[in-house]
Structure formats: structure tokens, C-alpha cells
Amino acid sequence: MSALRITVNGREHVLSAPPETTLLALLREHLGLTGAKLGCDVGDCGACTVLVDGQAVNACLMLAAQADGRSVLTIEGLATPDGLHPLQEAFERHAALQCGFCGPGAILSAKALLDANPAPTGAEIRDALAGNLCRCTGYTKMITAVHAAAQALRGAGAEMPPLGLTASPSIPLPGGEKGGGLS
Amino acid sequence: MSDRRTVTEDPALRESLSGLEASARLPATLPPAQFPIETLVPEVRQQTPAVGQRATRPDARLHGLGQTKYIDDLALPGMLHARIKRAGIAAARIVRIDTRAAEAMPGVMAVVTGRDVPVNSFGPSLQDQPVLADERVYHAGDGVAAVAAATDAIAAEALERIVVEYAPLPAVLDPFEAMREDAPRVHPPASNVYAHKIIRKGDVERALAEADRVFEGRWTTQMVEHVPIEPHAAIAAWDANGRLTVYSTLGRITLGRADIARTLALPVNRVQVIGTIVGGNFGGKNEISQEPVLALLAKKAGRPVKGVFTRGEEFYASTTRHPFFMDYKTGVGRDGRIRARKVRLVLDGGAYCSWSETTLGKACILATGPYRIEHVQVEAFAVYTNKTVAGAMRGFGAPQVCFAYESQMDEIAAALGIDPLEIRLANAFDEGAASPTGQTLESVVVKASLEQAAARFGWREPRS
Amino acid sequence: MVLDISRAADMRGIAATADGLRIGALVTHSELVRSPLVREFAPVLAEAARTIGAVQTRNLGTLGGNLATGVPSMDSGPALLALEARVTVAGPRGTRTLALGDFFVGPRRTALATDELLVDVVVPAASLGKPASFLKFGLRKGQALALVNVAAAVRVDPDRRAFVAPRIALGAVAPTVIRAPQAEAFLEGRPPTSEAMAEAGRIAATEARPISDFRASADYRRELVSVLARRALAAACARAQGAQ
Chain A
0 MSALRITVNG REHVLSAPPE TTLLALLREH LGLTGAKLGC DVGDCGACTV LVDGQAVNAC
60 LMLAAQADGR SVLTIEGLAT PDGLHPLQEA FERHAALQCG FCGPGAILSA KALLDANPAP
120 TGAEIRDALA GNLCRCTGYT KMITAVHAAA QALRGAGAEM PPLGLTASPS IPLPGGEKGG
180 GLS
Chain B
0 MSDRRTVTED PALRESLSGL EASARLPATL PPAQFPIETL VPEVRQQTPA VGQRATRPDA
60 RLHGLGQTKY IDDLALPGML HARIKRAGIA AARIVRIDTR AAEAMPGVMA VVTGRDVPVN
120 SFGPSLQDQP VLADERVYHA GDGVAAVAAA TDAIAAEALE RIVVEYAPLP AVLDPFEAMR
180 EDAPRVHPPA SNVYAHKIIR KGDVERALAE ADRVFEGRWT TQMVEHVPIE PHAAIAAWDA
240 NGRLTVYSTL GRITLGRADI ARTLALPVNR VQVIGTIVGG NFGGKNEISQ EPVLALLAKK
300 AGRPVKGVFT RGEEFYASTT RHPFFMDYKT GVGRDGRIRA RKVRLVLDGG AYCSWSETTL
360 GKACILATGP YRIEHVQVEA FAVYTNKTVA GAMRGFGAPQ VCFAYESQMD EIAAALGIDP
420 LEIRLANAFD EGAASPTGQT LESVVVKASL EQAAARFGWR EPRS
Chain C
0 MVLDISRAAD MRGIAATADG LRIGALVTHS ELVRSPLVRE FAPVLAEAAR TIGAVQTRNL
60 GTLGGNLATG VPSMDSGPAL LALEARVTVA GPRGTRTLAL GDFFVGPRRT ALATDELLVD
120 VVVPAASLGK PASFLKFGLR KGQALALVNV AAAVRVDPDR RAFVAPRIAL GAVAPTVIRA
180 PQAEAFLEGR PPTSEAMAEA GRIAATEARP ISDFRASADY RRELVSVLAR RALAAACARA
240 QGAQ
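Protein chains in written order, with numbering that gives the first Met the number 0: chain A, 0 to 182; chain B, 0 to 463; chain C, 0 to 243.
It is worth saying that the hints were derived from the structure and are not from the lab. Given the structure is predicted, the values throughout are model-derived calculations rather than measurements. You may find that some hints are simply not true.
[Stated by the list, open to error] Listed next, the in silico DSSO-like pairs over lysine-lysine satisfying Cα-Cα at most 27 Å (straight line): (1) A:140 - B:200; (2) B:446 - B:200; (3) B:68 - B:328; (4) B:200 - B:361; (5) B:200 - B:328; (6) C:140 - A:140.
[Claimed, not checked] Among chain B residues calculated to face chain A with C-beta under 10 Å, some are: (7) 60; (8) 61; (9) 69; (10) 74; (11) 149; (12) 153; (13) 228; (14) 309; (15) 426.
Where is the CB? At the ideal position from N, CA and C, for every residue including glycine.
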């Protein structure tokens with residue numbers, strides 16, 4: 000067994016785990032933090048993305064022992080008692096979460112990007128999300144959400160929007176064109 | 000259901016607990032701030048003003064917080080983990096299966112084979128698929144045995160200790176070869192052509208003979224896997240009264256319930272299927288797969304059993320989109336009007352029928368495209384091969400035929416020197432047009448859509 | 000048994016030494032991309048590193064790990080081969096140094112014995128600051144394996160207006176990452192014209208020994224070598240002349 004001292008979402012844990020335990024298994028099975036998902040188990044899909052000392056990593060490819068002495072942030076540690084993180088709020092508002100399975104990983108990849116680069120370009124956002132596969136959204140909504148969150152983080156914090164239907168007569172389309180149905 | 004709570008550190012809470020043995024009272028990770036679940040409850044008899052409104056998904060809040068519980072996030076007390084041994088051979092007779100070494104492994108709680116399945120066949124239209132192959136292997140992704148163990152790693156290792164002896168059979172991998180009379184039968188004595196449909200309207204042969212120009216071509220599409228980011232997952236648990244509860248990523252739970260009950264020889268009212276939030280379906284989770292296997296393992300072990308497909312199993316042991324072979328013969332006037340279209344479709348169905356009949360039917364109806372054509376004949380065949388199963392996927396055959404008829408439309412336009420947009424406008428359905436099967440179509444906006452799209456991206460503007 | 004080497008201090012870090020730029024085997028691809036030393040003295044290695052996998056893989060994956068796979072489509076290999084890098088290998092019998100080209104033995108096979116460890120990579124002093132370029136062609140931009148990748152490093156003698164010590168390395172077109180010695184010999188001493196670089200690309204294509212697989216045919220890969228080698232040479236050449 001490996002003896003580990005790992006800080007997860009700001010709380011220190013002293014644990015022991017079999018040496019082959021991945022960081023993902025440690026989080027999901029030992030700590031009950033199921034926000035990071037097992038999608039492919041080979042580091043392709045990014046559904047297991049967490050931040051280790053601020054860096055996005057695939058938790059399925061990292062042994063728990065490699066995280067000894069380090070600080071891990073999972074999706075469960077992103078919101079605060081004051082409210083959602085602007086990325087969570089923006090992903091929700093911009094429909095970047097459909098089935099939601101890739102969402103925690105994508106949000107954390109985006110957080111690592113915005114921590115290092117508060118005003119990323121579209122290309123930089125695409126590069127930061129390249130390791131997070133999504134089959135529902137087509138990615139464009141995620142890119143929009145990251146832009147919006149970056150803006151919110153640079154300026155005033157965004158308020159939490161209500162869920163469901165809200166009046167919004169003009170939905171901006173990419174390119175700033177006004178949307179409309181068939182006429 | 001044990002819901003191990005999660006999330007952030009709250010300094011105030013930590014302060015209030017100082018002096019206490021916090022770990023004795025709290026889960027490993029503290030719950031964060033509250034974000035209550037908001038649900039949308041529609042008002043009865045009140046029109047929801049959805050058009051012109053902006054909608055956010057009610058489930059998005061928990062998705063973004065990482066609090067949504069998918070199947071693999073659930074754990075029942077005492078739950079075991081299952082793995083299924085795949086055949087890895089396209090066609091074979093199973094001579095023997097020796098599971099003794101696997102059963103002897105510490106941590107292995109149950110092993111089952113096809114012989115343990117009360118009714119070893121299922122399928123949404125034809126019941127041609129075994130739960131676990133017992134006498135014969137029909138494709139390499141067939142399960143031949145399954146293990147439930149204390150951990151997933153033990154279950155995976157136990158699979159390695161199961162010995163299966165195969166007598167290889169000739170495999171048929173090409174649908175055209177499979178259609179030949181002398182081809183090996185995938186499901187003997189049944190014919191390899193397991194579904195056939197024909198649509199006739201007018202006199203297609205005469206119209207083709209009289210047409211100014213006749214265009215012929217073959218288009219093919221490949222097998223496509225859905226690749227949901229969440230793999231197929233299910234948990235089976237029996238209660239003390241012999242009732243079965245299955246948590247599953249299954250999209251069609253009532254159909255799945257009937258299939259599960261059938262394979263287990265249980266009355267339907269003894270089976271409860273709970274569909275949870277699904278991490279992507281796209282048509283690939285529309286029928287049962289491992290659920291009866293998990294139920295049998297759970298029964299044998301007397302414990303709940305969870306199974307999660309590996310990414311590999313997603314590719315070879317779940318369904319895929321049908322590869323299509325599409326022959327089009329189209330008679331056209333010099334004015335670009337289509338007079339006749341004759342279509343022959345061959346669907347490579349893989350080892351089992353699955354949703355082939357639905358796919359075949361929809362492909363036939365849509366095969367001539369959204370165009371007014373007097374004389375039509377569409378004939379389609381779904382064919383068994385010893386390959387990964389083709390089933391439902393978004394569009395049920397519509398994308399395949401669309402690729403063929405729109406590709407041919409471009410060829411016709413080019414050959415006749417007609418603008419690709421104009422030739423479509425000249426042939427497209429109008430309001431009240433009849434489909435090839437005689438359905439009167441309403442709310443037809445093909446031309447308006449084409450015009451609007453053309454205007455949006457400047458189709459009629461000079462191109463440089 | 001699992002032995003975690005990720006904290007072996009001797010195998011970390013990037014340092015300029017008398018021999019050249021020493022890069023520990025445990026340096027991650029992200030560290031290469033960010034390293035001021037790499038960006039100044041061997042920027043082509045940073046260019047190659049940033050095409051590897053995705054952010055998550057670059058944060059965990061190491062230079063030593065990439066090289067030790069021996070996979071012919073690796074991205075670090077061509078860049079380092081074009082810079083004529085050496086590797087240090089340590090084991091119970093002591094430490095040995097070998098040219099990177101000799102480290103690659105076959106597909107997924109290296110000169111490492113089972114009890115040896117790749118310790119570091121040294122870009123020799125003579126190659127530091129040598130103008131170079133890395134180009135990769137994949138089926139998509141993100142997380143793509145190279146169908147073909149090419150690195151070129153050249154110096155241009157301004158007086159003679161001639162290539163000096165041109166180096167071309169090719170990935171994914173042979174059992175290992177390889178150099179293209181005939182194309183290099185063709186360019187040596189020649190004026191840096193677009194015709195010469197195009198011809199060098201064609202020669203490099205004949206030196207490639209690609210296979211056909213589900214990603215691309217051998218012919219397609221050879222064609223890519225020809226085009227990418229020409230472009231990499233042109234880019235390296237432009238840098239060489241821009242630096243003068």
C-alpha cells in the first residue's frame with residue numbers, strides 16, 4: 000500500500016491505497032468524488048480531467064501516488080458557498096452542457112486555461128479543450144461559454160441565471176447575426 | 000442507494016467542528032454550499048410560450064456542479080463488478096467452456112455462461128441475439144462468459160482464466176457474398192437476407208427507357224460507432240421477494256424491460272428498469288445488452304452487480320450505424336426534371352437484426368429524396384454478416400441515402416450544366432406533394448429552406 | 000510492482016551546460032513548451048512538443064517517455080534528431096551516452112536494456128540556436144498522431160550563400176524516426192533556392208520507407224514527406240536568413 004497525503008478541494012486527506020490505484024479511482028471510489036468520469040481509461044476523452052497543482056491532467060493516466068503532496072481540484076470543489084464559478088454559470092447559460100458527461104472535465108480544462116490566460120483567443124480555447132471530447136454540443140457552445148466566463152472573471156461577477164425558459168427575444172448567432180426562423 | 004456526498008471545504012463549518020472528531024461525523028468530503036434543484040413543472044392547460052424564448056436545460060445545474068449521478072456514479076451496498084469475456088472470433092462452434100480456474104479465484108463471486116440463461120435470445124424485432132453465445136459464435140464481440148467479482152480488476156483477471164475452445168466456422172464478412180445462395184449461413188438454416196422491402200410507384204422501367212439521360216452510380220457508407228462518452232453501464236439487484244431492479248443507461252426502458260423479463264423467464268411485473276440520466280445515446284443505447292447477464296450474476300452471487308463496458312466493448316460489442324451499398328439509376332429530362340429513379344440498397348446488418356427493419360424501412364421511404372418523381376422503385380435488403388451488429392443510430396438510414404441521392408444530384412447538375420441549387424428547386428417537393436409511399440406531405444418548406452440558405456451564404460453572388 | 004520515478008530530481012530540469020542543453024528525461028512536454036532556455040536555444044523542440052496529444056497529456060507526458068516508447072510517429076524524435084541530440088542511459092553497469100539515432104532500434108524498440116533508464120537528452124552546443132522547423136501532418140488538429148512529421152535544421156553561410164550542415168529528420172515513415180542523409184548530402188554546399196529544397200524533399204521521399212495502414216497509404220505518406228520536407232527546409236532557411 001502507498002501512504003498518501005493529498006489535498007483535495009482544499010481539504011487534506013491522509014490515505015493509503017494499493018500502488019496501482021489511479022488518481023481517478025482514488026477520487027471516485029475512495030473519496031466518493033464522482034464528478035470526474037471514466038470515459039475511455041486511456042487518456043483520450045478527457046472526461047476524467049482534474050487539476051493537479053493547477054494543471055489539467057487525465058486522472059485515469061495518473062497514479063494516486065504521483066499526486067502525493069499535491070493539491071487536486073475536482074469539479075466538486077469549484078463552486079463556493081457564494082455561488083457557481085463563472086465557468087459553471089456560463090456553461091449552463093450557453094447550453095454547453097447537454098448530456099453533461101464531458102462537462103466536469105471540460106470546465107476544469109477551461110479553468111486551467113483562464114487561470115493562466117484571462118483573455119484567451121478562440122484558437123487558444125480550442126487548444127485548451129482539444130483533450131475533452133464531446134459528442135453532443137459540437138464544441139461551439141463550449142467555446143462561447145469560455146469566452147463569456149473569461150469576460151465575467153475579468154469584470155464583475157455574473158449573477159446566477161434562473162433555469163428553464165426566460166424571455167430572450169433575440170438570440171445572437173455566431174457572427175452577431177440576428178436569429179430568425181423560416182419566413 | 001448510497002450517495003457518498005461530496006464537495007468543498009467550508010471554513011466556517013470546519014471552525015464549528017474544531018475540537019470534535021470531525022472524521023467520525025462527516026463524510027470524507029464535505030458538501031458545498033447548497034444549490035437547490037429547480038424543476039420545471041408545466042402549468043396544466045397553459046400554453047408554454049416556448050417560441051421566441053431562450054431555454055436553458057433544467058439538468059444543466061447539476062451537470063456543471065459534477066453532481067449528476069450517472070450509472071457508474073452509483074454504488075449499492077455489497078455491489079460486485081462484472082466483466083464479460085468476448086469471443087474474439089467471427090464465427091465458430093463453441094466446443095467447451097471451462098470456468099473452473101476463474102471460479103476458484105479469491106474475490107470471484109459468480110461466473111455465468113450461455114447455459115445459465117433461461118431464454119437465450121432477444122432483439123427488438125427478431126429475437127436472433129443470444130444473451131451469451133452458448134453453442135455458436137456469430138461475431139467477435141459476442142459474450143461467451145461473465146464474471147462478477149469484488150473488484151473490477153479481479154473480474155478482468157478472472158476472464159483471462161476462462162478457457163474457451165472454439166471450432167472455427169467459415170465467416171461471411173461481405174454482404175454481397177452473404178447474399179449468394181452458396182454462402183455460409185450466419186444463422187443456419189435462416190437465409191442471410193433477413194429483411195426485404197420494395198416500393199413501387201408508376202412504371203420505372205418504361206420511364207427510364209424514355210428519359211433523355213440516365214445516370215447510374217454506386218455510393219457506399221461505412222460502419223459508424225456512436226461513441227457516447229459514457230459507456231454502456233447497468234446495475235442489477237434482486238430483492239428478497241425475487242423481484243429484479245435494473246438501473247441502466249438504456250434509452251427504451253419499457254422495451255428493455257420486456258426483453259429482460261423474456262430472457263430471464265420472469266413475468267414482466269417482476270422486473271423494474273430505472274433509466275437514469277444518460278451520458279450520450281445517439282441510438283446506441285436503445286436495446287438491452289449486458290442487463291440479463293448482470294441479473295444472472297447478481298442472482299448467483301446474491302449481491303448487486305454493476306457492469307460498465309470498456310471503450311473497446313463500445314466499439315465491438317455495442318451496435319453501430321449500418322454500412323450501406325446504394326445503387327442509383329435515375330432518368331432525367333434535358334430540363335433537369337427527374338422522371339424516374341430506381342434504387343437498390345444493401346444494408347450490412349452484422350450478426351443480428353437489432354433495429355435493421357426500422358432502418359431499412361426509413362431508408363426505403365427516403366431513398367428517392369425530397370423530390371417529385373413520377374416513377375419510382377426502391378428495393379432494399381438487410382443482410383447478416385459475421386460482424387459487429389448494426390442497429391439504431393440517429394436518422395435510421397436517412398443520412399446514408401441522403402449522401403447517395405444528393406451526390407447523384409450534383410453529378411446530374413454538372414452533366415446537364417444546370418446550377419446545383421436550380422436543379423433541386425426544379426424537382427423539390429411542394430406543399431401537398433406525395434411521398435413515394437403515397438403520403439400527402441404538409442408543412443413542406445424544402446424550397447424555402449434552400450432559398451434561405453442560398454441567400455445566407457451568397458450562393459447566387461459571383462464566385463471568385 | 001510499480002516504481003514511480005516521477006520525482007527523481009536528477010532526471011528533471013533543463014540546464015545550459017558546456018556540452019549543450021541538458022534536458023532531464025522527466026521534463027514534461029508542457030515544460031518544454033514554456034521553457035525560456037528551450038525557446039531560445041532549441042525552439043524547434045518546443046514546436047514539436049506543443050503538437051503532442053492534448054494539454055492534459057502534455058502536462059503528464061515526458062520527453063523521456065516519448066522517446067522511450069520507440070514509436071515511429073513520436074513528435075519529439077524528429078526535432079531532436081535534426082539537432083543531433085545525444086541521450087544518456089543509466090543502469091547497474093554504469094552510464095553510457097549514445098546518439099539519439101542509435102537509441103532507436105525498431106518499432107517500439109530502443110537500445111535500453113530492461114534494467115536501464117533514459118536519464119537525459121543533450122542538444123549539443125553546436126546545434127544550439129541552429130535555425131530549424133518542425134511540421135506535422137495529422138488527420139485533425141487536436142490529439143492527432145502524425146501521419147508524417149518532419150524536422151529540418153540548417154545553417155546558411157552568407158558569404159558562400161550555401162547550406163551548411165543541413166539536417167532532415169522524418170517520423171512515421173520508417174520502423175524508427177530516421178534522418179534523410181541523401182537529401183542532406185544533396186543540399187550541403189548548395190545555394191538555398193526553392194528548387195534545391197524541393198529536390199531535397201523529393202530525395203527525402205525516396206529515403207522514407209512508409210507502410211500503408213488504416214491512417215494513410217504508403218504513397219500518400221511519401222508524397223507528404225516530399226511536401227513537408229520542402230516546407231520545413233524553407234521555414235528553417237527563412238529563419239536562418241532572418242537571423243543574419
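Each hint tested on the structure:
1. A:140 - B:200: 45 Å, violated
2. B:446 - B:200: This hinted pair holds, its Cα atoms lying about 24 Å apart.
3. B:68 - B:328: This hinted pair is violated, its Cα atoms lying about 51 Å apart.
4. B:200 - B:361: 17 Å, holds
5. B:200 - B:328: The hint holds at about 15 Å.
6. C:140 - A:140: With a Cα-Cα distance of about 19 Å, the restraint between residue 140 (chain C) and residue 140 (chain A) holds, given a limit of 27 Å.
7. 60: For residue 60 (chain B), the interface hint holds, since the closest Cβ of chain A sits about 6 Å away, which is under 10 Å.
8. 61: For residue 61 (chain B), the interface hint holds, since the closest Cβ of chain A sits about 8 Å away, which is under 10 Å.
9. 69: 7 Å, holds
10. 74: Status holds, d = 8 Å.
11. 149: Residue 149 (chain B) check fails; min Cβ-Cβ to chain A is 12 Å, beyond 10 Å.
12. 153: Not OK, violated: residue 153 (chain B) not within 10 Å of chain A, min 12 Å.
13. 228: 5 Å, holds
14. 309: 7 Å, holds
15. 426: Nearest chain A Cβ about 20 Å off; hint violated.
Taken one by one, the earlier hints fail for this structure at numbers 1, 3, 11, 12, 15, listed in ascending order.
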